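K.L.:
Protein sequence lines correspond, in order, to chains V and G. Here the first sequence is numbered in the working numbering, starting from 1 and rising by one per residue. Here the second sequence is numbered in the working numbering, starting from 1 and rising by one per residue.
Honestly, the hints are just simulated from the structure, not real lab data. Mixed in with the good hints, there may be bad ones.
In silico DSBU-like cross-links for lysine-lysine, where the CA-CA straight-line distance does not exceed 30 Å [to be verified]:
1. 27(G) - 122(V)
2. 72(G) - 29(V)
3. 113(V) - 29(V)
4. 162(G) - 77(V)
5. 162(G) - 112(V)
6. 2(G) - 35(V)
7. 162(G) - 113(V)
8. 29(V) - 148(G)
9. 2(G) - 77(V)
10. 99(G) - 178(G)
11. 72(G) - 91(G)
12. 118(V) - 50(V)
13. 33(V) - 50(V)
Small disclaimer: the values here were computed from a predicted structure and weren't measured.
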Amino acid sequence: MQEKEIYILLADDDEDDRLFFTDALDELKIKTKVKTFNDGVALMNYLNDKSNLLPSILFLDLNMPKKSGVECLSEIKKDDYFKDIAIAIYSTSASEADIEDTFVLGANIYIKKPNDYKKLKKTLSNIVTINWQYDTSNLNKDNFLLRL
Amino acid sequence: MKIFITFDFTALCNKVLEEKLCDLDIKYKMLSFGEVEFLEKISKEKLTHLNNSLKEYSCSIIENEKIILVQKIKDTIIDMVYNNDNDIHVKSSVYLSEKLNQSYGYLSNLFSEVTFTSIENYIILHKIEYTKQLITNSNLTLTEIAYKLNYSSVAHLSTQFKNTTGITPSAFQRIITKRRTLK
């Protein structure tokens, strides 16, 4: 019934985390296509190349070499070209200040990295499904805030 | 200086549709939201043409029957949540099946198959979205919003808000206010 797969990007410098992430998405009922990057610079180069397809959701690790997640977030939010992308912060930190700051900067979703695989699958399924409702029901993405 | 604008989505969408239909010189009648009846036979080319001209607004004509029914369920839910002045006192399952003339079991299975979520969750999602809109764009207090949306208490609304979004209504309000001052 779902006509095309949901396109998802992840920027994270930890190889294991990237692997868990793509494996978990592969097992979901809802069809997705994932592309990963190991630092913020590689991600921004990809996004700024207008010949590339923009993702529906972008997952950003906060601590990355070369360019941090927060720097990427600020750059993306400055450019109207990216306004339809839902941005998910994917981090080990759960400090209230980090969470609120990134939301204020324009992040839509904040996830503390789950420490087991089952929980990760459940979290990702939840996010992809809700994001899908926003995309298919014309909901206002400015009001899309989700913390898991 | 900056200004904030509220939109009437129904009026906006109907206006776009009317303009496009007029451009193509089609005789039509507007039925419920997102439903148009042609008053004369219409050629395939004209229909394709209409579909193409709607695409620039990211609108498209739906053809698949299942998708049409799911769209009707969604519209009924949205109508139920946003225009609840007509005081709907029946359960939403009863309301939906009466309105769409199908058993609730059938509707709910079909809905989950197409949207990856349940009708219940979809209703909650919309109630919370409406709450967000009211929090940011109206002067209503959370207690008044809870009453308007038929919650038994403000605590019930707060809990559902927190369960759905992971943050409290007041944190939500704080974040959106800060965002607006940042821009």
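K.L.:
Going through the earlier hints one by one, which of them does the structure break, listed in rising order?
P.N.:
As far as the earlier hints go, 1, 6, 8, 10, 12 are violated by this structure, in ascending order.
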